[in-house]
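S.K.: Now for the letters of each chain:
Protein chains: 2
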Amino acid sequence: MRYQLYYWTGIQGRGEFVRLALEDAGADYADVARVEGDRVLQPFLEGKMPAMPPFAPPFLKAGRLVIAQVANILHYLGPPLALVPRAESRRLQALQWQLTIADFVAEIHDSHHPIAGSLYYEEQRKEAARRAEDFRRQRLPHFLGYFERALVWAGGRHALGQHSYVDLSLFQLVRGLEYAYPRAMRKQARRLPHLRALAERVEERPRIAAYLASPRRLAFNTQGIFRHYPELDG
Amino acid sequence: MRYQLYYWTGIQGRGEFVRLALEDAGADYADVARVEGDRVLQPFLEGKMPAMPPFAPPFLKAGRLVIAQVANILHYLGPPLALVPRAESRRLQALQWQLTIADFVAEIHDSHHPIAGSLYYEEQRKEAARRAEDFRRQRLPHFLGYFERALVWAGGRHALGQHSYVDLSLFQLVRGLEYAYPRAMRKQARRLPHLRALAERVEERPRIAAYLASPRRLAFNTQGIFRHYPELDG
Numbered sequence: 001m002r003y004q005l006y007y008w009t010g011i012q013g014r015g016e017f018v019r020l021a022l023e024d025a026g027a028d029y030a031d032v033a034r035v036e037g038d039r040v041l042q043p044f045l046e047g048k049m050p051a052m053p054p055f056a057p058p059f060l061k062a063g064r065l066v067i068a069q070v071a072n073i074l075h076y077l078g079p080p081l082a083l084v085p086r087a088e089s090r091r092l093q094a095l096q097w098q099l100t101i102a103d104f105v106a107e108i109h110d111s112h113h114p115i116a117g118s119l120y121y122e123e124q125r126k127e128a129a130r131r132a133e134d135f136r137r138q139r140l141p142h143f144l145g146y147f148e149r150a151l152v153w154a155g156g157r158h159a160l161g162q163h164s165y166v167d168l169s170l171f172q173l174v175r176g177l178e179y180a181y182p183r184a185m186r187k188q189a190r191r192l193p194h195l196r197a198l199a200e201r202v203e204e205r206p207r208i209a210a211y212l213a214s215p216r217r218l219a220f221n222t223q224g225i226f227r228h229y230p231e232l233d234g
Numbered sequence: 001m002r003y004q005l006y007y008w009t010g011i012q013g014r015g016e017f018v019r020l021a022l023e024d025a026g027a028d029y030a031d032v033a034r035v036e037g038d039r040v041l042q043p044f045l046e047g048k049m050p051a052m053p054p055f056a057p058p059f060l061k062a063g064r065l066v067i068a069q070v071a072n073i074l075h076y077l078g079p080p081l082a083l084v085p086r087a088e089s090r091r092l093q094a095l096q097w098q099l100t101i102a103d104f105v106a107e108i109h110d111s112h113h114p115i116a117g118s119l120y121y122e123e124q125r126k127e128a129a130r131r132a133e134d135f136r137r138q139r140l141p142h143f144l145g146y147f148e149r150a151l152v153w154a155g156g157r158h159a160l161g162q163h164s165y166v167d168l169s170l171f172q173l174v175r176g177l178e179y180a181y182p183r184a185m186r187k188q189a190r191r192l193p194h195l196r197a198l199a200e201r202v203e204e205r206p207r208i209a210a211y212l213a214s215p216r217r218l219a220f221n222t223q224g225i226f227r228h229y230p231e232l233d234g
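As given, the protein sequences belong to chains A and B, one line each in that order. Residue numbering for the first sequence follows the numbering used here, beginning at 1 and increasing consecutively. Residue numbering for the second sequence follows the numbering used here, beginning at 1 and increasing consecutively.
Some hints here could point you the wrong way.
Because identical chains share one entry, a pair is satisfied inside a single copy or across any pair of copies.
[Stated by the list, open to error] Below, a list of computed lysine to aspartate or glutamate pairs in the DMTMM-like style, where the Cα atoms sit at most 25 Å apart: (1) Lys126 / Glu231; (2) Lys187 / Glu46; (3) Lys126 / Glu200; (4) Lys48 / Glu88; (5) Lys187 / Asp31; (6) Lys48 / Asp103; (7) Lys48 / Glu148.
Note that these hints are calculated values from the structure, not bench results. These figures come from a predicted structure and were not determined experimentally.
Turn these sequences into a full structure, and let the hints steer you where they fit.
M.R.: Here it is, written out as structure tokens:
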């Protein structure tokens, strides 16, 4: 199966969680907008395609299926890419992890955009300062502490006791936060030994290492989910 | 199978999306905290149970499985409760709908709590006024307009062309918003004929009607996701 991933160019964004799974599995895929431009997304978003319109990118075209929402795409890709255990109960566990990661990703985004995604950061700096403070003090330790505990519960090396798309997403989360909130993350480091070791192991996987060294991996920047604004980092 | 739903007492909250599915299907379930108190949630959240710890309620105990995250719970319950079509591609569509609903629910919550869930509304009124304005003008019409279009795409009567847990969640969304943002919702009404008709049909389903008339259905209040603060309604 040749997959077609649709996501905005210029940022890693939510598309990166899907991209990491496709890259790790060595899947045959096209990153369509990077070849043809962002305009290829529009007919899908405007409901001009035969498939159910997605609310937002990323979405994945697999044959006639068009699947949106990161956790849904990964739930679908898990079995064919061998990135999830086979048992239904384990797939539910993977989905539960991924949905909690998705909730955290939304909060990470809102730490710099607490008022509106449609406004520039500069238009909500004061509110962002307040939200980011709560984020650093409460939400970041709360989510990461939970992931660390759940990882230990699972045996300490893998979210699901074996390699899966969840590990890839946890890697992205850790690296993204280290870029955006380096000071806050240094403070957390000692509390998160398993999570940090997992991120290192993911980074050393041959296909991931090759991907990260390729031009396909964009750098983190201040357009995406993970943004480094020093004044928000305490 | 006797299901055990775990969710905070005193609010409908995210638990209500699961409760509606259990009620509509006439499932055998216990709403555990309402019988035994909120303290029964703690051992799960603290990782003192054999199952993987959930990040937050609601979670569902089904035999030895403990499943968290609303969309995940509904994905699991869909087939045994006959609340989702059987085909895998249709279950993915249901999950996609539900995840977009979940994203919207988080934004609805943050419209009155843009800075921190741990602070009172009164401590973030100014920021809430600003966020709620964007919510009413941009996000509410954007999400509801999308749901209306996707509903029309599916034939106009049901999110999945047949009754499913998604219809139940759309009903909850519409009624919750009508409670919280009555003025904003009146302005949207003419744009949402299919969504409104769907909510009415759900409300007339015998088991749902019986549930809504029962003491098991709590009233909307200013503790939950959907909160009515007139000053936020424009």
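S.K.: None of the hints should be skipped; say for each whether it holds.
M.R.: Structure-based check of all given hints:
no.	hint	in the structure
1	Lys126 / Glu231	both (11 Å within a copy, 22 Å between copies)
2	Lys187 / Glu46	between (45 Å within a copy, 23 Å between copies)
3	Lys126 / Glu200	neither (35 Å within a copy, 42 Å between copies)
4	Lys48 / Glu88	between (34 Å within a copy, 24 Å between copies)
5	Lys187 / Asp31	neither (36 Å within a copy, 40 Å between copies)
6	Lys48 / Asp103	between (30 Å within a copy, 23 Å between copies)
7	Lys48 / Glu148	between (43 Å within a copy, 15 Å between copies)
Hint compliance for this structure: hints 3, 5 are broken, all remaining hints hold.
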